[in-house]
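Protein chains in written order, with the numbering used here: chain A, -11 to 303; chain B, 15 to 348.
Treat the hints loosely; a few may be bogus.
As the list claims (entries may be wrong) - Quick list of simulated restraints, FRET-style, between CB atoms:
{"hint": "1", "chain 1": "A", "residue 1": "His94", "chain 2": "B", "residue 2": "His180", "range": "34 to 40 Å"}
{"hint": "2", "chain 1": "A", "residue 1": "Ala280", "chain 2": "B", "residue 2": "Lys199", "range": "35 to 41 Å"}
{"hint": "3", "chain 1": "B", "residue 1": "Gln181", "chain 2": "A", "residue 2": "Arg297", "range": "39 to 45 Å"}
Said to hold, decoys possible - Below, in silico cross-link-like pairs of lysine-lysine (DSS-like), each with a Cα-Cα straight-line distance of 30 Å or less:
{"hint": "4", "chain 1": "A", "residue 1": "Lys188", "chain 2": "B", "residue 2": "Lys287"}
{"hint": "5", "chain 1": "B", "residue 1": "Lys118", "chain 2": "B", "residue 2": "Lys88"}
{"hint": "6", "chain 1": "A", "residue 1": "Lys225", "chain 2": "B", "residue 2": "Lys287"}
{"hint": "7", "chain 1": "B", "residue 1": "Lys113", "chain 2": "B", "residue 2": "Lys103"}
{"hint": "8", "chain 1": "A", "residue 1": "Lys65", "chain 2": "A", "residue 2": "Lys52"}
{"hint": "9", "chain 1": "A", "residue 1": "Lys251", "chain 2": "B", "residue 2": "Lys164"}
{"hint": "10", "chain 1": "A", "residue 1": "Lys253", "chain 2": "B", "residue 2": "Lys320"}
If you're looking for bench data, these hints aren't it; they were derived computationally from the structure. From the three backbone atoms N, C-alpha and C, an ideal C-beta is built for every residue, glycine too.
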Amino acid sequence: MALLEVDNLSIGYQTPNGFLEAVEGVSFSLEKGKSLGFVGESGCGKTTIGMALMRLLPRNTSVKGGHVAFEGQDMLKMSDEDMRLIRWKKVAMIFQAAMNALNPVHRVDDQIAEAILTHDPASSRGDAMKQVEDLFQLVDIPKGRMRDYPHQYSGGMKQRAIIAMALACRPKLIIADEPTTALDVIVQHQILEETKNLQKKFKISIIYISHDISVVAGVCDDIGVMYAGQLVEYGSKIEVFGSPAHPYTKALLSSYPRLTGEKDKLAPIPGEPPNLINPPSGCRFYDRCPSAKVSCKTEAPVWVKLTQRHSARCS
Amino acid sequence: MNSVSTMIESSKRPMLQLEDISKTYRSKGSFFGGSGKKIVALNHVSLKIFKGEIFGLIGESGSGKSTAGRLIVKLEEPSAGEIFLDDNKITGLKGKALKAFRLKAQMIFQDPYQSLNPQISIYDTVSEPLIIHKTKNVQARKHLVLQTLKSVGLSPRDDFLHRYPHQLSGGQRQRVAIARVMVLKPKFVVADEPTSMLDASISAQIFNILLEMREKLDVTFLFISHSLAAARYLCDRIAVIYRGNLVEMGPGEKIIQKPKHPYTQALLDALPKFGHWDKVEGHDTLLRVDRGDFQDVGCPFFGRCKVAHQRKCSQERPHLRKSDGSRLVACFYA
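So that you can see chain A by itself, here it is in the shape it has in the complex:
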């Protein structure tokens, strides 16, 4: 059984202008120790999925349907108290913009110890501090900097501290939402490599959420491409990026400047994604799709299975 199984998840936001379908009919599964990456443009619903798995969605959200089975338990049906017990202990999150995720008025080590003590009240403060020390060693922050405040850290160190905090309770699943977006490439590389090693060491499953396909391609086994709230292509990294089937995936790949190979002219995707309040009834990519047929406007595309592990929502 997979560690996480998400089936037909739909989530919407109540906005002043109407009901916004942020995520529609998303299904995927994740095995122990594997990593899955969601890519897509801003507003495509990838962060909403992450927040839903943490059950941290804002109040104006409603989960319209679907199941999220984590270790066989339906997370969406859990009571708040049960959820509180597994949040961070079993499912942790590396939030977007690490600079804002740390509390500026507490020392970094205290913040991490707090997470440990909350979920393991039996352990003493001394034990917790010892664990924090080990965590800092894992993520490569010098011991002497443990008692610092967040503002004394560089961006990369803050991101490392956030990763240490996500690892604090040895979770089974980590959701990493744009974990390296604000960082320089050299630091990004170091952090992604470290995360990969820690994942292997502790057999953690990771969901990466990013708009940068090259980052996701570097660290994930499987890829889910999202467009306008829907998953449009899903499969192993090599299949999705090597032989993309959905016109959106193809378009996304050819709008991305490369470092190697021929210097082809970039082909931007014309137009903008559709408004998700009253989204189009047919294919959501219809307006921007170079190979759309008349029927695509009205008929929602169905999933086509291309190989054992690769499918796309386009015929």
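Since chain A is already given, all that's left is putting chain B on it; use the hints.
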């Protein structure tokens, strides 16, 4: 350092020239006096950008790349050195001469969410520069604004002109910002990370607009970015900057395919190798643990460099020197 800029032999005319530019800031001193630490943002930088060229300045955050852009459009003055635009010295310009300069050199900022005034409509945003520079009467102005908006891919229906920035997407905002710059038909434009806030598909639109501007309006660009892939796509030549020092400069494709400076090599090593699923052999020039603080007489990259020679590199600063053909590298061992 002057010899450095003359080393790139070219028959082309330089549109912009930096000569031995330095910029230092002082961090705030303590309450009880003391003048604070001196921070060197740019250290004796010399370069030439030729007419019609897109020149990429590549570096990490804090490398001084944005400072260079701000000095060129005179948002700040250099601490030392001279800048020439079209053979005219621009350092120290004031009053009317400064205003005339602004007509020629413009800047596209990084964040279109902050660079547009939320209280000013799209039409007024783009026509304001024309009013300031008294270029046109009302009718001609309207014509120019519409034409420019069209050229950046915003075919404006009438209602679009009277919209406000918050009603636009990030990509549309950046295009308005570009239109505001281009409406003046400048000769030189600094584009400071113009797509770092945008999605890939939208970035590609912006890149193609910049290429088109060069083609149609004969604009010369300084493109400031942290992305080597974007620079490869857009730029003819690039310079890599590290802690305020140029470490490598030359044709973009050459530097990206065969980097010579250990820092450029480390940068390329760190980039995700998209499309290459097998492990790619890196240059491996970055120290796992850096050497910590060292005297700033030596090479700026000494603290993190694996190939550095302890005595030579910590005590003597390598200057840019010719490496192969038109490439310059500031490393004793490159």
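Going through the hints against the structure:
1. In this structure, His94 of chain A and His180 of chain B meet the distance hint of 34 to 40 Å, their C-beta atoms being roughly 35 Å apart.
2. A beta carbon spacing of about 38 Å between Ala280 of chain A and Lys199 of chain B agrees with the range 35 to 41 Å that was offered as a hint.
3. The hinted window of 39 to 45 Å between Gln181 of chain B and Arg297 of chain A holds, with their beta carbons roughly 42 Å apart.
4. The hinted pair formed by Lys188 of chain A and Lys287 of chain B meets the criterion: a straight-line CA distance of about 21 Å does not exceed 30 Å.
5. A hinted pair counts as satisfied when its Cα atoms are at most 30 Å apart, and Lys118 of chain B with Lys88 of chain B qualifies at roughly 12 Å.
6. Simply put, Lys225 of chain A and Lys287 of chain B have alpha-carbon atoms about 13 Å apart, close enough for the 30 Å limit, and the pair holds.
7. Note on Lys113 of chain B and Lys103 of chain B: the hinted pairing holds, with a Cα-Cα distance of about 14 Å set against a maximum of 30 Å.
8. A distance of roughly 13 Å separates the Cα atoms of Lys65 of chain A and Lys52 of chain A; the hinted pair therefore holds under the 30 Å criterion.
9. Only pairs whose Cα atoms come within 30 Å are accepted, and Lys251 of chain A paired with Lys164 of chain B is accepted, the gap being roughly 27 Å.
10. A distance of roughly 37 Å separates the Cα atoms of Lys253 of chain A and Lys320 of chain B; the hinted pair therefore is violated under the 30 Å criterion.
Hint 10 from the list above is the single one not met by this structure.
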